[in-house]
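Colleague: Next come the chains, spelled out residue by residue.
There are 2 protein chains.
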Amino acid sequence: SSSSMDAQTKRPGFLEFPYLSTPHRNLMLELVSKIETSLVSQLLPPSLPPDVQYFQNESGSSQGTIHIQSGNEDSMVDFILGSWIHSKLPTGELNITTLTAYLNKKTDAPRFLLEFIQSSPTSLILLLDLPHRKDLILNPNYLTTFYMDTQLDHLRQQLEKIPETRPYLPSSLYIRCALSPTAVSIRIDCGPTGSGRIDEVIRDHVSPVAKQMLDIWLYKCAYGKRELMEEEIIDLEKRDALVNKKTLDIDLASGLPRLFGQDVANRVIEPLEKYFKA
Amino acid sequence: SSSSMDAQTKRPGFLEFPYLSTPHRNLMLELVSKIETSLVSQLLPPSLPPDVQYFQNESGSSQGTIHIQSGNEDSMVDFILGSWIHSKLPTGELNITTLTAYLNKKTDAPRFLLEFIQSSPTSLILLLDLPHRKDLILNPNYLTTFYMDTQLDHLRQQLEKIPETRPYLPSSLYIRCALSPTAVSIRIDCGPTGSGRIDEVIRDHVSPVAKQMLDIWLYKCAYGKRELMEEEIIDLEKRDALVNKKTLDIDLASGLPRLFGQDVANRVIEPLEKYFKA
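Chains as they are written, first to last, in our numbering: chain A, 1 to 278; chain B, 1 to 278.
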């Protein structure tokens, strides 16, 4: 079909965010730029095959991009993963935008996670968190260092206070466990006529909070030194691998085939498994 | 003062719940009765000193009861703890009612936790959960057994649907971590004229859910057999002791002195430390 041809010729890149509103796109660009500037000497060039960097279904109604940059050997960054998915569904347009940062076994510091799930022009689900990499019950000092001393809950409260938001609980119990106790996990719903308001909420509220959380992550996690014992490193690798495998299964292996068909999904997921060590 | 004398002569027991509404008192009595009936051959008589079973501050404006029964050597129950606190504060009356069940190292199955915090006649905070005793990220089978297979999230959803409820996040990040991903953690607010409605919510909604959750706990946790390896038992003891110490510190050591003065608080907390191995 011609729409399929168009989409194939176009092949928008990760950083174009062609389906996001201006404040939403600006936020994503600022975050990516902040990461690239801060970690410039640590990140290797993107290395995914072109048909995984950009992919679509047969009809072109679903499009996706994945952008991965690994950290070099001096870095504590394992890899940075950005992605967006756009899908024209019978119920409306679905846009999922993510930016996640994974650290390697040189540190047990938290990851960075940002995910927008937008299934209507005036409402969205936002997950914004520094997910922990140790059992917080057994490691209260870790809780103090990364979640109390950083005042992360104040950032969460800023977004909770907005009248259009309410708490959002992911349907997967495993994903609930993977989120930290200060995770922003909210649904923002500005009502059928709220397209101006949702832009305002993203620009004036979500954007500053996401940027502050990324700053905390960069300063305290991606750069902070941590002394780990041999046994802690073994436990960390085991835990990271398990979380990666489970979240890959829950997020991608269940969602991608529905939007892109099984063949495209397999093609995309396979190279990711290497990064996720899943 | 005469009110102090009255309170001293009265010394209501744990099971009297003299300051609760009828549906609230009925619920507590049904739950305690259910536990006692189900575990009748396993529970030892209460053993706390009388001045810990009942305590009050100097003026008599704050009263409290604690009821503890340990499990015998055949039981997987470590101890059952019930308590209520009533306090006349300048801002109004505060009533805290709890019922918790702790298992011993023969099983790693979850605990039972019920806590009502009522600071106005028409609103309350409810925590109702089977708190996990293992890191759920590292033990997805545990998550499946106790939280997915039991459909606990359906019970949570029943209460979430009530229009007068909204999610409640405990201020302590550690307590947030101690709650399971299916925990009921809500504030029920029926507005200044809602005293009839809050009775209805407790009788028709909270009560059936709490009873079903206790049934699941009794059947699946207090009676279910679990095969544990030596190393798992060591980890379990370490984790239980840490959770106990932290929750004792957060819940009682910080709250009791404010309501009862430091002397009474010390008298009450000291014998509890033995049970909590804190």
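Keep in mind the hints are simulated off the structure, nothing from the lab.
Some hints here could point you the wrong way.
Okay, derived cross-link-like pairs now, DSSO-like style, lysine-lysine, Cα gap no bigger than 30 Å in a straight line [what the hints assert, rightly or not]:
| id | chain 1 | residue 1 | chain 2 | residue 2 |
| --- | --- | --- | --- | --- |
| 1 | A | Lys211 | A | Lys34 |
| 2 | A | Lys88 | A | Lys225 |
| 3 | A | Lys211 | A | Lys246 |
| 4 | B | Lys238 | A | Lys106 |
| 5 | A | Lys246 | B | Lys274 |
| 6 | A | Lys134 | B | Lys34 |
| 7 | A | Lys88 | A | Lys238 |
| 8 | B | Lys106 | B | Lys134 |
| 9 | B | Lys246 | A | Lys134 |
| 10 | A | Lys161 | B | Lys161 |
| 11 | A | Lys238 | B | Lys161 |
| 12 | B | Lys238 | A | Lys225 |
| 13 | B | Lys134 | A | Lys105 |
Reference listing, derived: stretches of chain B covered by chain A, where coverage requires no fewer than 3 residues with Cβ under 8 Å from a Cβ of chain A [unchecked claim]:
| id | stretch |
| --- | --- |
| 14 | 116 to 125 |
| 15 | 143 to 154 |
| 16 | 195 to 202 |
| 17 | 237 to 245 |
Here the structure is a predicted model, which means the values were calculated and not measured.
Think of the CB as a built atom: it goes at the ideal place given N, C-alpha and C, for glycine as much as any other residue.
Colleague: Hint by hint, note whether the structure agrees.
Modeller: Structure-based check of each hint:
no.	hint	result
1	A/Lys211 with A/Lys34	holds, 9 Å
2	A/Lys88 with A/Lys225	violated, 45 Å
3	A/Lys211 with A/Lys246	holds, 28 Å
4	B/Lys238 with A/Lys106	holds, 26 Å
5	A/Lys246 with B/Lys274	violated, 40 Å
6	A/Lys134 with B/Lys34	violated, 37 Å
7	A/Lys88 with A/Lys238	violated, 38 Å
8	B/Lys106 with B/Lys134	holds, 14 Å
9	B/Lys246 with A/Lys134	holds, 17 Å
10	A/Lys161 with B/Lys161	holds, 21 Å
11	A/Lys238 with B/Lys161	violated, 38 Å
12	B/Lys238 with A/Lys225	holds, 27 Å
13	B/Lys134 with A/Lys105	holds, 23 Å
14	116 to 125	violated (count 0)
15	143 to 154	holds (count 4)
16	195 to 202	violated (count 0)
17	237 to 245	holds (count 4)
Going down the numbered hints, you'll see the structure goes against 2, 5, 6, 7, 11, 14, 16, while the others check out.
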